[in-house]
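Colleague: Here is what each chain is made of, one letter per residue.
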Amino acid sequence: MKTKKIAGNILFFAGLILLWQFLYTAACDWFLWAKPYAIPNPTGVIRCFLLLLSDGTLPAAVFGSLLRVVTGFFISILIGILLGICIVNSGCLARNLKPLILGVQTLPSICWVPFAILWFGLSESAIIFVVVMGSAFGIALAIESCIQNIPPIYIKAAKTMGVDSYQLYRYVIFPAALPAFIGGLKQGWSFAWRALMSGEVMSASMGLGYTLMIGRDLADINQVMTVMLVIIFIGILIDKGIFTTVEHRILKKRGLV
Amino acid sequence: MYLTLNAIHKFFQDTQKETLKDISLTVERGEFICIVGPSGCGKSTLLNLVAGLDTPTSGTITLEGTPVTGPGPDRVVMFQEAALYPWLSVIENVMFGLKAAGLPKDSQREIAETYLKMVQLWHYRDYPIHQISGGMRQRTALARALALDSKLLLMDEPFSALDKQTIHILRAELEEIWEKHKKTILYVTHSVEEAVYFADRIVVMAENPGRIKEIVPVAFPRPRNIEDAAFVALRREILSKVQLSAREIAADEFDKEEETLL
Ligand SMILES: Nc1ncnc2c1ncn2[C@@H]1O[C@H](COP(=O)(O)OP(=O)(O)OP(=O)(O)O)[C@@H](O)[C@H]1O
Ligand SMILES: [Mg+2]
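So the protein lines, in turn, are chains Z and H. Just so you know, we're using the numbering used here here: the first sequence kicks off at 1 and counts up by one. Just so you know, we're using the numbering used here here: the second sequence kicks off at 1 and counts up by one.
Just chain Z, with the same shape it has in the complex (with noise of 0.2 Å):
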């Protein structure tokens, strides 16, 4: 059963890059539709990728970007966890700030770029700010939501045993919330990952967009396709693989799947 979806998988991309390999012949050898360098093909796209990878670019490169995306995540989950109990728990702030943190959310995140460089320079610390602003707000709210979907009941029977407001954050509050909270939390990756790459096409010089930005210098429209191919891959590794999985594990255990 299962192999038999992996082999369908494998089957369906394989197609996929015949094809693209067929309306790249078409286009350029063929019609002469297009120019050879505006369009990228799998082979220079392998090429590519065996040569950023033999020659330690696209490694280094990997490992700065999820070192950068994964301090900025751990700060929004942080920001947003405080900021989400707060909007929780003040009328006020639900009524005031949670619309303009929602009106905030649909901000690109590229819109945070001038103030990171003019605030932080080119430095680190700018492409985490982007990536933070990008992430925080989103996890706030998915804060907020999963906390106000728990049953009341939990939080009524939890009062008559005598919790305290801490014991019932920590023993009933948090683990309740916690399904709602992972889904949140993937959907603040992926917003915290988009950030990321719109701060290092910006101003990095070291990372997935940097050499992304590289290739476009170099009007090497393969290398940039590499990237964007490796982008795309990492981003559904860490949502399936860690998010998927954790969030499965969790409604499993509690019966709810």
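There could be a bad hint or two in this list.
[What the hints assert, rightly or not] Some chain H residues close to chain Z (C-beta under 10 Å, calculated; not the full set):
1. Gly52
2. Pro71
3. Gly72
4. Asp74
5. Met78
6. Trp87
7. Leu98
8. Met136
9. Ala141
[Said to hold, decoys possible] Here are the simulated SDA-like cross-link-like pairs (lysine to any residue), alpha carbons at most 20 Å apart as the crow flies:
10. H:Lys105 x Z:Lys252
11. Z:Lys156 x H:Gly70
12. Z:Lys252 x H:Asp74
13. Z:Lys156 x H:Glu157
14. Z:Lys156 x H:Ala100
15. H:Lys213 x H:Lys99
16. Z:Lys156 x H:Lys213
17. H:Lys99 x Z:Lys252
18. Z:Lys156 x H:Asp74
By construction, these hints were calculated from the structure, which means they are not laboratory data. Since this is a predicted model, take the numbers as computed values, not measurements. All C-beta atoms in this analysis are idealised placements derived from N, C-alpha and C, irrespective of residue type, glycine included.
Got chain Z sorted already, so can you dock chain H with the ligands onto it with the hints?
Modeller: Frame of chain Z; chain H with the ligands shown alone:
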């Protein structure tokens, strides 16, 4: 006088509804009080007030002379839905209140063991909540409530979501536990049979506004037999009182509708 309700009124601002009117009741230590009444007469509201989950608009509630100001472990509630925590196992659920009280781990486990054995769930102690049946969940909730050894046990239709057979078994268990421990219990039910089975006194409520219609003492020896002639007669009598008030309401509303039609 152990528990005293003194002229309780409850008015809900949201719905502009006078839900409880002038409820006064005194309960002795070790008494089993059942509250019956038509749906919507404010039974759950009353229980919530005693639990401290809500505050009365006027009137006072005192337990052993101390006024009730908020929820606390001296007045544990057992809800209609078991309200167990799905991230904890059966025994961890039972230990929840004991952990909150700061008891050492050993005594938490010891107490949980006693009560889980009492409700015959010791064998299932490590099961996650979603892997036990509805009846077992209510028994777990009962063990959790009993484990805190509260002054007062508040129960809001704890068995109403279960099948008849399970209800009979759990009733017998609760009755036995109560006889052994002489806990003071306030028990809300819509089953008059259950009320006559358990109660030392039955509080019959009427609605709109929710008020005490009558308090009926029940003096039958325990354990009671629900097929006993005297039992059946008393059940009928109380049922007619509850239904009467429900019918009065229905008639009342019907009349009003007619008036508006004319
Ligand atoms: N939080 C609330 N806000 C406004 N009105 C409420 C609230 N809680 C209960 N009520 C009203 O109070 C009345 C009594 O409700 P309650 O739940 O106490 O009834 P009950 O006797 O427990 O009924 P049932 O037997 O169906 O459980 C209802 O008419 C309901 O509309
Ligand atoms: Mg009710």
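Colleague: Are the hints correct? Go through all of them and say.
Modeller: Results for each hint:
Given the 10 Å rule on beta carbons, the hint for H:Gly52 holds: about 8 Å separates it from the nearest Cβ of chain Z. Checking H:Pro71 against chain Z by beta carbon gives a least distance of about 4 Å; that is within 10 Å, so the hint holds. Taken as an interface hint, H:Gly72 checks out: its beta carbon lies about 6 Å from the nearest beta carbon of chain Z, inside 10 Å. With 10 Å as the threshold, the beta carbon of H:Asp74 comes within range of chain Z, its nearest partner Cβ sitting at about 8 Å, so the hint holds.
Hint on H:Met78 holds. Least Cβ distance to chain Z is approximately 9 Å, under the 10 Å limit. Interface restraint check for H:Trp87: the shortest CB-CB distance to chain Z comes to about 4 Å, inside 10 Å, so the restraint holds. A distance limit of 10 Å between C-beta atoms decides the matter here; for H:Leu98 the minimum to chain Z is near 9 Å, and the interface restraint holds. For H:Met136, the interface hint is violated, since its Cβ never comes within 10 Å of a Cβ in chain Z; the closest pair sits about 14 Å apart.
The beta carbon of H:Ala141 is positioned within 10 Å of a beta carbon in chain Z (closest approach about 9 Å), and the interface hint is therefore held. Taking the CA atoms of H:Lys105 and Z:Lys252, the gap is near 27 Å; set against the 20 Å cutoff, the hint is violated. For the given pair, Z:Lys156 sits about 11 Å from H:Gly70 by alpha-carbon distance, which is consistent with the 20 Å threshold. For the proposed pair Z:Lys252 and H:Asp74, the alpha carbon gap of about 35 Å is over 20 Å, so the pair is violated.
Under the criterion of a C-alpha separation no larger than 20 Å, the hint pairing Z:Lys156 with H:Glu157 is consistent with the structure, at around 16 Å. Distance restraint check for Z:Lys156 and H:Ala100: the Cα-Cα separation of roughly 14 Å lies within the 20 Å cut-off, and the hinted pair is therefore satisfied. In summary, the hint linking H:Lys213 to H:Lys99 is not supported, as the alpha carbons are separated by about 41 Å, beyond the 20 Å threshold. At roughly 29 Å between alpha-carbon atoms, Z:Lys156 and H:Lys213 are farther apart than 20 Å, so this suggested pair is violated.
Simply put, H:Lys99 and Z:Lys252 have alpha-carbon atoms about 26 Å apart, too far for the 20 Å limit, and the pair is violated. Straight-line distance between C-alpha atoms of Z:Lys156 and H:Asp74 comes to about 14 Å, which keeps the hinted pair within the 20 Å bound.
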